[in-house]
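Please model the complete structure; the sequences and the hints are all you need to start from.
Protein chains in written order, with my numbering: chain L, 1215 to 1486; chain S, 1215 to 1486.
For the record, the hints were derived by calculation from the structure and aren't laboratory data. If you're wondering where the values come from, they're calculated on a predicted model, not measured in any experiment. Please note that a few of the clues may not be correct.
Put simply, identical chains are the same to the list, so a pair is met inside one copy or across any two.
What the hints assert, rightly or not - List of simulated lysine-lysine pairs, DSS-like, C-alpha gap at most 30 Å: (1) Lys1413 x Lys1227; (2) Lys1413 x Lys1291; (3) Lys1226 x Lys1484; (4) Lys1226 x Lys1442; (5) Lys1284 x Lys1413; (6) Lys1466 x Lys1226; (7) Lys1248 x Lys1284; (8) Lys1284 x Lys1241; (9) Lys1284 x Lys1351.
Number of protein chains: 2
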Amino acid sequence: MTKEALQKEIQKKRSYLCVGLDTDINKIPAHLLKTDDPIFEFNRQIIDATADLCVAYKPNIAFYEALGTKGWESLQKTLEYIPDDLFTIADAKRGDIGNTSRLYARAFFQELDFDSITVAPYMGRDSVLPFLDFPGKWVILLALTSNPGSRDFQQLPINGEGRSLYEQVLEISQQWAGHDQLMYVVGATQADHLANIRKIVPDHFLLVPGVGAQGGDLEAVSRFGMNKNCGLLVNSTRGIIYSGSGLDFAEKARTSASEIRNQMSDYLEKFL
Amino acid sequence: MTKEALQKEIQKKRSYLCVGLDTDINKIPAHLLKTDDPIFEFNRQIIDATADLCVAYKPNIAFYEALGTKGWESLQKTLEYIPDDLFTIADAKRGDIGNTSRLYARAFFQELDFDSITVAPYMGRDSVLPFLDFPGKWVILLALTSNPGSRDFQQLPINGEGRSLYEQVLEISQQWAGHDQLMYVVGATQADHLANIRKIVPDHFLLVPGVGAQGGDLEAVSRFGMNKNCGLLVNSTRGIIYSGSGLDFAEKARTSASEIRNQMSDYLEKFL
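Put into structure tokens, the structure is as follows:
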């Protein structure tokens, strides 16, 4: 999906919501466990209930990998089910030497046809470039994550650069690709860093997880993170997909997604 | 596997060789393609031919993931086939927020029963701890990798610490677990850093990839990297598993592994 197509979708839906599909067999409604593929069945109903309210879906690959071969099948079916006008993110946080990254790229971009994949920057340029070889596909590079451990290394000050490691990641990685192929992960709990991040990457999309269960504040993220084209994908997972645990779980998910989407519609009015 | 058991195995075999199982359907001998599961059949023969010469096997997860559900089946069968006295490494380079890392840990330590997994440090403490919750299982943390991109971030100097990012990773992570549960990845191409690394982590095992195809020098790695218990697992992949491409590929792999093992036996004599 192109940047223009994604921006158009945001404008059309008045939403920059990404729904996380961290589908956990131990958390989904009991009545689904009788179906052939409960994980896919859960995802299918969530997608049916939310596809007009969000612009992206982000399956967390760990949840599928933990189920072995059966999990991969559910993931594949989910990917095929998501309508083409929605942006898909493989939240995989991969990153390895070149020939290995190339294989991960093939797995997620060709086998599964994701639009994008999250990538960890620690191994540097040649670990990221293989993901950028696929036209129309995106790398979403970890910059400043939402968890407490982001302080251990990401926020360390780099000598003589007057900036921290995550800022250096933002600076250096811009040499690898443009904002039509590269996005960054910035946790919603890091709203106080967002204005600064926007100075370094004014035009890039930011994928912002951590709203809701992790404590991030949607208004602050929108105020400080939005650029002139919105430039945000804000993810919510537990606050949407586990809103209900009965037969009406999908309906409840829709209600939760709808609330967030309505706030987003206001913020697009207010901050854009 | 305990540290003592691994050390004993090294002494018994006079070898600290790890064989990488980056099994590529496009590179394995053509006659195997007629079998039901060519990837597993290749691994099985490689394991039969080398298990008495090495102490560890390291499947590179990308190679299996790229094949989807079929790849996971081959990986599972390979894991079950590796004899129990050999150390197994999931080269996966995972690392995510806590609940996600926990799922990866479950996938690789419980579903697949690996002894260890490689983990990327960028997300910090709480992304690594979930892997350390499994008694008898190991985390192998990326410190200084073998690829050119290791210069982009790993070698950046950290302000006021008088050390670089990878040294900070070595320092800080020692607060998370002891050398009976934590190892580090140090690329063989970084031999000039090894003496320094040994000052920071004198007792930890180092997993050293990059000997052979990537240009690392086994003698230098052994000279500067060995501690009083050896403390090294040196990985070779392409130089062993792709030594031949005919019916006798496993025999040729054995010859290559044997040469490396004989050098290792000498270095254990010389440097220990």
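A quick look at each hint next to the structure:
no.: 1; hint: Lys1413 x Lys1227; result: within (27 Å within a copy, 57 Å between copies)
no.: 2; hint: Lys1413 x Lys1291; result: neither (40 Å within a copy, 50 Å between copies)
no.: 3; hint: Lys1226 x Lys1484; result: within (17 Å within a copy, 71 Å between copies)
no.: 4; hint: Lys1226 x Lys1442; result: within (16 Å within a copy, 66 Å between copies)
no.: 5; hint: Lys1284 x Lys1413; result: neither (44 Å within a copy, 46 Å between copies)
no.: 6; hint: Lys1466 x Lys1226; result: within (23 Å within a copy, 61 Å between copies)
no.: 7; hint: Lys1248 x Lys1284; result: both (15 Å within a copy, 25 Å between copies)
no.: 8; hint: Lys1284 x Lys1241; result: both (17 Å within a copy, 27 Å between copies)
no.: 9; hint: Lys1284 x Lys1351; result: both (26 Å within a copy, 25 Å between copies)
Hint violations for this structure: numbers 2, 5, all remaining hints satisfied.
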